[in-house]
Amino acid sequence: MSAVIKTKIEEQGVILSFNPDYCWEEITSALAEHLQEGAQFYQGSKLYFDLAFKDWRAEELQNLINLIESNILPETDFYFMNQSSGVERDNKATPKEQPFSPRSAQENKYTKTAGNDTKLIQRTLRSGQSIEHMANLVLLGDVNPGAEIKAGGDIIVFGKLMGLVHAGATGDKGAAITALQLAPTQIRIASVISRSPDEDKSKELRPERAYIKNNRIVVEEVNL
Amino acid sequence: MDQREQGKAIVITSGKGGVGKTTTTANLGTALALLGKKICLIDADIGLRNLDVVMGLENRIVYDLIDVVEEQCRLEQALIKDKRNENLVLLPAAQTRDKDAVSEEQMKELILKLKERMDYILVDSPAGIEQGFRNAIAGADKAIIVTTPEVSAVRDADRIIGMVEAEGVNDPDLIINRIRQDMVDRGDMMNIEDMIEILAIDILGVVPEDEGIVVSTNKGEPIVLSNNHKAGEAFNNIARRLEGEDVPLMDLNNSDSILAKFKKFVGLS
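Protein chains in written order, with this note's numbering: chain A, 1 to 224; chain B, 225 to 493.
Errors might be hidden in some of the hints.
The list that follows gives simulated cross-link-like pairs (lysine-lysine, DSSO-like), each with its CA atoms no further than 30 Å apart [claimed, not checked]: (1) K173/A <-> K305/B; (2) K203/A <-> K332/B; (3) K454/B <-> K160/A; (4) K337/B <-> K213/A; (5) K332/B <-> K54/A; (6) K150/A <-> K160/A; (7) K150/A <-> K305/B; (8) K8/A <-> K337/B; (9) K160/A <-> K307/B; (10) K150/A <-> K6/A; (11) K6/A <-> K262/B; (12) K119/A <-> K54/A.
Derived contacts from chain A toward chain B, CB cut-off under 7 Å, selection only [as the list claims (entries may be wrong)]: (13) G146; (14) K150; (15) A183; (16) T185; (17) S196.
Label pairs and their in silico Cβ distance ranges [claimed, not checked]: (18) K213/A <-> D426/B: 57 to 63 Å; (19) L336/B <-> Q62/A: 19 to 25 Å; (20) K54/A <-> E329/B: 23 to 29 Å; (21) E329/B <-> N66/A: 36 to 42 Å; (22) K332/B <-> L205/A: 44 to 50 Å.
Since the hints were made in silico from the structure, they are not lab data.
Cβ atoms here follow ideal geometry from the backbone N, Cα and C, with glycine treated the same way.
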C-alpha cells in the first residue's frame with residue numbers, strides 16, 4: 001500500500017528511506033527507476049540513503065553502491081546513514097566529514113546553485129498541487145490557497161502568492177521569497193515559520209520580498 | 225487523571241456533498257468546547273480539506289493527519305489549538321495527498337489514542353461512500369447523519385445509514401440542516417416528519433437555513449460564537465443534547481421577535 005521508497009527534503013539534502021515490508025529485489029528495482037527519473041532533479045545535491053532497516057553484508061553494500069552510481073548524474077553526492085544508531089558511512093572516502101551539519105550544506109549551496117539549475121514553471125498552482133525543487137524556483141502564475149511551493153533556494157512568484165511557500169528548504173537561511181503579491185497562508189524560510197495575520201490584507205499588487213533578519217521573517221517592498 | 229473515562233468518537237457523515245457536514249462538525253465541536261468538554265476535530269477529507277478554513281486555522285497548519293500516521297511527527301505536534309477556545313484542537317487533513325494515503329487500521333489506532341485524552345472526537349467525513357468514508361467511520365463509536373430537506377439528500381442519507389450500520393456503528397442520529405419553515409408551510413419542502421418516517425432514526429436536531437452561515441464560514445468563525453443566529457442556537461442545542469440534556473426542538477415558525485422564537489419551544493425531542 002505505501003511506497004517502496006520515501007523521499008524527504010531536509011536541510012542537508014534529500015533522504016531516501018526504504019520500506020522494509022518489500023523484498024530486496026523490489027526495493028532495488030524501484031530504486032533504479034526512482035534514480036533514473038529523478039537524475040536531473042538530484043543533480044548537484046546530496047542524497048542520504050537510510051540503511052538502518054537491516055544489517056548489511058559487504059557484498060550487498062557493494063551492489064547497492066554500483067546500482068546508485070550507475071543511475072545518478074555526476075556532481076551528485078551520496079551518503080549512507082543509519083538513523084537509529086547515528087553511524088554514517090561515506091563512500092567517497094571523506095570519513096571526517098559531518099554530512100549533517102547545516103554549515104556544510106550552506107557552504108555547498110552556492111557552488112550548487114551557481115549552475116543553470118533554476119527551474120522555471122509557467123502555470124498556476126491550484127489547491128492541493130505542490131512543486132518542489134532542489135535549487136531556485138521561478139513561477140509565472142499564481143499560487144492559490146491550499147497549494148504548496150518548496151525550493152532549496154530562492155523562490156520568485158510572478159503572480160499572487162497565496163498558498164504555502166517554503167524557500168531555503170535545505171537549510172539556507174539566506175534564501176528569499178519574492179512575489180508580485182505576497183499574501184501566503186504560511187511562509188517558511190529554512191526552519192523559520194511565520195503565518196499571515198488573521199485579518200485580511202489589502203488586495204493591491206505590490207511586489208514584496210521576504211527574507212530572514214535576526215532569525216525572523218521580515219517582508220519589505222521591492223522597488224522595481 | 226489516569227482514571228478518566230474514554231472519550232467518544234463521533235463521525236459526521238451524509239453521503240451527499242454540500243449538506244453541511246463540515247459546518248456541523250465545526251459548530252458542534254465549538255459548542256461542546258464551550259460546554260467545557262475537551263474536543264478534537266479530525267478532518268478526514270484528505271485532499272479536499274475544508275475544516276481548517278471554516279475554523280479559521282488554515283495558516284497554522286504545519287503537520288497534518290498523514291504526517292501523524294506516517295510518523296513524520298508526533299500526534300501532539302499536529303494538533304492545532306483553536307484560537308478562541310483552549311478546549312478545542314483540530315487535526316487537519318493533508319491537502320496534497322489522497323484518500324489512499326491512510327488506512328482504516330491507522331485511523332482506528334489514531335482515534336484510540338485521542339480517546340484517552342479527549343471527551344469527544346468529531347470526525348468530519350468526506351462525501352461519497354469510498355475509501356475516504358470508510359476511513360472516517362473506522363474507529364467511530366457513534367454516527368451523526370446530516371441531511372437537507374431534499375429527496376436526493378435523504379436518499380443518500382438512507383444509503384449511508386445502511387452502510388454505517390453494516391460497519392457496526394449502531395443507532396445513528398439525524399441532523400436535518402437548512403430547513404426553511406416558510407417553504408415547509410407552503411408545502412414546497414419536505415417536512416421533518418416525512419424525513420423521519422423514511423429514515424427511521426432518532427432526530428438529534430433541526431438547523432434552520434441561515435444566511436449567517438455563509439458569513440461565518442467565510443470569516444472562519446463558527447456561528448455558535450455569535451448571538452442572534454437561529455442556526456447557532458440550533459447547534460448549541462444539539463451539543464447539549466449530546467451531553468444528555470433534554471432540550472426540545474426549536475420552534476422554527478417565523479415570528480417577528482427573535483426572543484419570542486426561542487421562548488416557543490415544542491416538546492418533540
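Structure-based check of all given hints:
1. Of the pairs offered as hints, the one joining K173/A and K305/B holds, with about 28 Å between alpha carbons and a cut-off of 30 Å not exceeded.
2. For the given pair, K203/A sits about 43 Å from K332/B by alpha-carbon distance, which is inconsistent with the 30 Å threshold.
3. Pair hint K454/B plus K160/A does not hold up; C-alpha atoms about 38 Å apart against a cutoff of 30 Å.
4. For the hint pairing K337/B with K213/A, the CA-to-CA distance comes to about 40 Å; that exceeds 30 Å, so the pair is violated.
5. Note on K332/B and K54/A: the hinted pairing holds, with a Cα-Cα distance of about 29 Å set against a maximum of 30 Å.
6. Under the criterion of a C-alpha separation no larger than 30 Å, the hint pairing K150/A with K160/A is consistent with the structure, at around 16 Å.
7. Of the pairs offered as hints, the one joining K150/A and K305/B holds, with about 25 Å between alpha carbons and a cut-off of 30 Å not exceeded.
8. The suggested pairing of K8/A with K337/B holds, with an alpha-carbon distance near 26 Å, which does not exceed 30 Å.
9. The hinted pair formed by K160/A and K307/B meets the criterion: a straight-line CA distance of about 27 Å does not exceed 30 Å.
10. A distance of roughly 17 Å separates the Cα atoms of K150/A and K6/A; the hinted pair therefore holds under the 30 Å criterion.
11. Straight-line distance between C-alpha atoms of K6/A and K262/B comes to about 35 Å, which puts the hinted pair past the 30 Å bound.
12. With a C-alpha separation of about 37 Å, the suggested pairing of K119/A with K54/A is violated against the 30 Å cut-off.
13. Given the 7 Å rule on beta carbons, the hint for G146/A holds: about 5 Å separates it from the nearest Cβ of chain B.
14. Hint status for K150/A relative to chain B: violated, with the closest Cβ pair at about 10 Å, above 7 Å.
15. Taking 7 Å as the C-beta contact cut-off toward chain B, the hint placing A183/A at the interface is violated, the least distance being around 11 Å.
16. At a threshold of 7 Å, the smallest CB-CB gap from T185/A to chain B is about 5 Å, leaving the interface hint in force.
17. Checking S196/A against chain B: minimum C-beta separation of about 6 Å stays under 7 Å; hint holds.
18. Look at K213/A against D426/B: about 59 Å separates their beta carbons, and that is inside 57 to 63 Å.
19. In this structure the hint that L336/B and Q62/A lie 19 to 25 Å apart at CB is violated, the actual value being about 45 Å.
20. Under the hint 23 to 29 Å, the C-beta atoms of K54/A and E329/B, about 24 Å apart, fit the expected range.
21. The hint said 36 to 42 Å for the Cβ distance between E329/B and N66/A, and at roughly 38 Å that hint holds.
22. In this structure the hint that K332/B and L205/A lie 44 to 50 Å apart at CB holds, the actual value being about 48 Å.
In terms of the numbered hints stated before, the structure departs from hints 2, 3, 4, 11, 12, 14, 15 and 19, listed from lowest to highest.
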